[in-house]
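One letter stands for each residue in the lines below.
There are 2 protein chains.
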Amino acid sequence: MPSTISSTQIALPASDLLRKIYQQQQPYTRVTPLLVAESLSKLIHGEVLVKAESLQKTGAFKFRGAIYRLLQMTPEQRQQGVTAYSSGNFARGLAAAGKILNVKVTLVMPADAPENKICSARKLGAQVVLCQQIEPSREEAAQKLSEDIAAQNGSVLLHPFDDPEIIKGQSAVGVELVHQLQEKQARCQSLLCPVGGGSLVAGCSLLFDTFNTGTQVYGIEPEGYAGMNQSLLVDQLSRAPGKNLSHCDALLSRSPGKANFEVVRQTGVKGLQVSEHYVVEAVQMAFEELKLVLEPSGAIALGALLQYPLQFNGQSVVVIATGGNIDKGLFLELMNK
Amino acid sequence: MPSTISSTQIALPASDLLRKIYQQQQPYTRVTPLLVAESLSKLIHGEVLVKAESLQKTGAFKFRGAIYRLLQMTPEQRQQGVTAYSSGNFARGLAAAGKILNVKVTLVMPADAPENKICSARKLGAQVVLCQQIEPSREEAAQKLSEDIAAQNGSVLLHPFDDPEIIKGQSAVGVELVHQLQEKQARCQSLLCPVGGGSLVAGCSLLFDTFNTGTQVYGIEPEGYAGMNQSLLVDQLSRAPGKNLSHCDALLSRSPGKANFEVVRQTGVKGLQVSEHYVVEAVQMAFEELKLVLEPSGAIALGALLQYPLQFNGQSVVVIATGGNIDKGLFLELMNK
Numbered sequence: 001m002p003s004t005i006s007s008t009q010i011a012l013p014a015s016d017l018l019r020k021i022y023q024q025q026q027p028y029t030r031v032t033p034l035l036v037a038e039s040l041s042k043l044i045h046g047e048v049l050v051k052a053e054s055l056q057k058t059g060a061f062k063f064r065g066a067i068y069r070l071l072q073m074t075p076e077q078r079q080q081g082v083t084a085y086s087s088g089n090f091a092r093g094l095a096a097a098g099k100i101l102n103v104k105v106t107l108v109m110p111a112d113a114p115e116n117k118i119c120s121a122r123k124l125g126a127q128v129v130l131c132q133q134i135e136p137s138r139e140e141a142a143q144k145l146s147e148d149i150a151a152q153n154g155s156v157l158l159h160p161f162d163d164p165e166i167i168k169g170q171s172a173v174g175v176e177l178v179h180q181l182q183e184k185q186a187r188c189q190s191l192l193c194p195v196g197g198g199s200l201v202a203g204c205s206l207l208f209d210t211f212n213t214g215t216q217v218y219g220i221e222p223e224g225y226a227g228m229n230q231s232l233l234v235d236q237l238s239r240a241p242g243k244n245l246s247h248c249d250a251l252l253s254r255s256p257g258k259a260n261f262e263v264v265r266q267t268g269v270k271g272l273q274v275s276e277h278y279v280v281e282a283v284q285m286a287f288e289e290l291k292l293v294l295e296p297s298g299a300i301a302l303g304a305l306l307q308y309p310l311q312f313n314g315q316s317v318v319v320i321a322t323g324g325n326i327d328k329g330l331f332l333e334l335m336n337k
Numbered sequence: 001m002p003s004t005i006s007s008t009q010i011a012l013p014a015s016d017l018l019r020k021i022y023q024q025q026q027p028y029t030r031v032t033p034l035l036v037a038e039s040l041s042k043l044i045h046g047e048v049l050v051k052a053e054s055l056q057k058t059g060a061f062k063f064r065g066a067i068y069r070l071l072q073m074t075p076e077q078r079q080q081g082v083t084a085y086s087s088g089n090f091a092r093g094l095a096a097a098g099k100i101l102n103v104k105v106t107l108v109m110p111a112d113a114p115e116n117k118i119c120s121a122r123k124l125g126a127q128v129v130l131c132q133q134i135e136p137s138r139e140e141a142a143q144k145l146s147e148d149i150a151a152q153n154g155s156v157l158l159h160p161f162d163d164p165e166i167i168k169g170q171s172a173v174g175v176e177l178v179h180q181l182q183e184k185q186a187r188c189q190s191l192l193c194p195v196g197g198g199s200l201v202a203g204c205s206l207l208f209d210t211f212n213t214g215t216q217v218y219g220i221e222p223e224g225y226a227g228m229n230q231s232l233l234v235d236q237l238s239r240a241p242g243k244n245l246s247h248c249d250a251l252l253s254r255s256p257g258k259a260n261f262e263v264v265r266q267t268g269v270k271g272l273q274v275s276e277h278y279v280v281e282a283v284q285m286a287f288e289e290l291k292l293v294l295e296p297s298g299a300i301a302l303g304a305l306l307q308y309p310l311q312f313n314g315q316s317v318v319v320i321a322t323g324g325n326i327d328k329g330l331f332l333e334l335m336n337k
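The listed protein sequences correspond, in order, to chains G and R.
Residue 61 in the working numbering sits at position 61 of the first sequence, and the numbers go up by one each step.
Residue 37 in the working numbering sits at position 37 of the second sequence, and the numbers go up by one each step.
Isolated chain G, as found in the complex (with noise of 0.2 Å):
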């Protein structure tokens, strides 16, 4: 736990009413496998599982949040639909939790968001929009523009990582990996997950925080991106450089979300900046070994591995894969790096 609690810190819900939320959820979701990574567990003399959250329905861990969030909402508010902005996965989930409960959804993202995350959207019935701006950062801009739109079109707003009932859906991901370690009679000392805006981090570290399993949650976080690390490091929201080239297209916020991070601060996660070249061989990696098909901010965890070793010496380790949605062109630019 950190020394300095936050006078703003938010009430962290107990465990029996994580488990519920993720039954609401079952119906719609897949319970994602968790895999043994044998070359990994040699790497750190330890034991590494992957939980492939990649294999969830729209291919990322998104649509957990997306399809509890939506199943909150009264009928009269889904009857409005949703507006929100995303760089790609949370819009895949969201189109397609909107698709099955039926409710109207309009996508801002960036324009240079990937091809394949920007159909499939369009694919499940959301209206995409576009959008053009990078300043002050793209994410700021997107959501700048998904308030006009929401504001014009009177649909509810919904942001993708810093929405306390989106954390809570996101956590889903926990309760199920908690119940997997038990099936296995598995340890989890330490618990990798990769951090855009936080809500999967946040989510996970509140179920591991709430069971007392004494795991130590890390947020995984690209260089350049480390916005979450580093607001830790000095005990208060900050922001990230954001200048360098990355493949994480998912994990490129500058800034974590203020409830993820006021989760984060409670439940002690730590953060862990990985490099682009540990990216990119992680992609591989998990293509050679797993023969899992990961996109660079869902393969970000493994390279975390890769990249410090022997932090996690002799450890058993959980490394959190999500998501699986890469262009194909990119797909074979990193295969051949």
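It should be emphasised that the hints constitute simulated quantities derived from the structure, not laboratory data.
Treat the hints loosely; a few may be bogus.
For chains that are exact copies, the list does not tell them apart, and a pair is met inside one copy or across any two.
[Unchecked claim] Straight-line distance between alpha carbons at most 27 Å, and here's what the computed DSS-like set of lysine-lysine pairs gives:
no., residue 1, residue 2
1, Lys104, Lys144
2, Lys337, Lys123
3, Lys328, Lys42
4, Lys270, Lys243
5, Lys20, Lys184
6, Lys104, Lys42
7, Lys99, Lys42
8, Lys99, Lys328
9, Lys104, Lys270
Take the given structure of chain G and dock chain R to it, following the hints.
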């Protein structure tokens, strides 16, 4: 059931024996996930589930039969070591099983087997002998060589797909599948299995026949190597021409194993041939939609749905996808087609 039953029919094991075999393997094998394939479901206006055996230890179902076969041996036999020939996936599975149970493994592999399969068998500690001969077929030449080696070094000679114990070992895929279908309360009107020598389809059909599930099992072969299909048509062991070029390196047997053929004619399996075009499309589809890395031999049963969608119209279908051991170069080539 075929009208003529062979006089050499072999005894079909009872369901409780098959469950027991599965339990014996379980400490060593992984439970592989059953995934929803949405675009294929739409294509056939039904429901398609994919049993992702590519995520099994060593990247293919062959590990199941290999570990079970070694577990059946006496301590004396295990000390003698084993010799087998294989185009790759059985080699990898047997090498891994030998390493776990401390049994010396000698493997005869075709000289043109994929490099990743040869390397990984060596990495797992097996002694690999490459066979240059391809007449009368690369399988027969390699079998002869493995017989000579076993005679010389006094090891136990194993047949990769024509050994009743190995067939029983492969049936574990079916046991696990039946359990998963019950859990999901899902139906399986048709079960599609890739066929090389036929041990997987024989093993699975044993189970689906024994459990009286009303499932029609199909054996899926590449064009030009459809020995099982042809044998079923004329109700006797036959030989395919084997002249086509095919990327399905694990399925190039011209004739099914005798024991396998005897099982599948008793359990009423049907055969289907898939052209190379649909095999390649299936590898691409697995990447884009399922987020799975599949080798051509592992994707062929998905290809059957792409080639014959009308035959499965409106059905609940389960496809076995195995394995995922594809060289990077070939994968990139197929993705660019």
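Task: Alpha-carbon proximity context of Lys270 and Lys243, limit 27 Å - done: Answer is within; shortest intra-copy Cα gap is 23 Å, inter-copy 59 Å.
TODO: Indicate which option fits the pair Lys337, Lys123 if close means a Cα-Cα distance not exceeding 27 Å: within, between, both or neither.
DONE: Close across copies (24 Å), not inside one copy (32 Å); limit 27 Å.
Open item on the list: For Lys20 and Lys184, with the copy left unspecified, which applies at a CA distance of at most 27 Å: within, between, both, or neither?
Closed with: Both, since 22 Å and 20 Å are each at most 27 Å.
TODO: Since the copies are identical, ignore which copy is meant and state whether Lys104 and Lys144 lie within 27 Å (CA to CA) inside a copy, between copies, both or neither.
DONE: The answer is within: 20 Å in one copy meets 27 Å, while 65 Å across copies does not.
TODO: Indicate which option fits the pair Lys104, Lys270 if close means a Cα-Cα distance not exceeding 27 Å: within, between, both or neither.
DONE: Result: close neither inside a copy nor across copies, 38 Å intra and 45 Å inter.
Open item on the list: Treating 27 Å as the Cα threshold, decide for Lys328 and Lys42: within, between, both or neither.
Closed with: Close across copies (23 Å), not inside one copy (30 Å); limit 27 Å.
TODO: Tell me, please, which holds for Lys99 and Lys42 at an alpha-carbon limit of 27 Å: within, between, both or neither?
DONE: This pair counts as between: shortest inter-copy Cα distance 15 Å, intra-copy 43 Å.
TODO: Indicate which option fits the pair Lys104, Lys42 if close means a Cα-Cα distance not exceeding 27 Å: within, between, both or neither.
DONE: between (48 Å within a copy, 22 Å between copies)
Open item on the list: When Cα atoms must be at most 27 Å apart, do Lys99 and Lys328 count as within-copy, between-copy, both, or neither?
Closed with: within (26 Å within a copy, 37 Å between copies)
Checked against the numbered hints above, the structure violates only hint 9.
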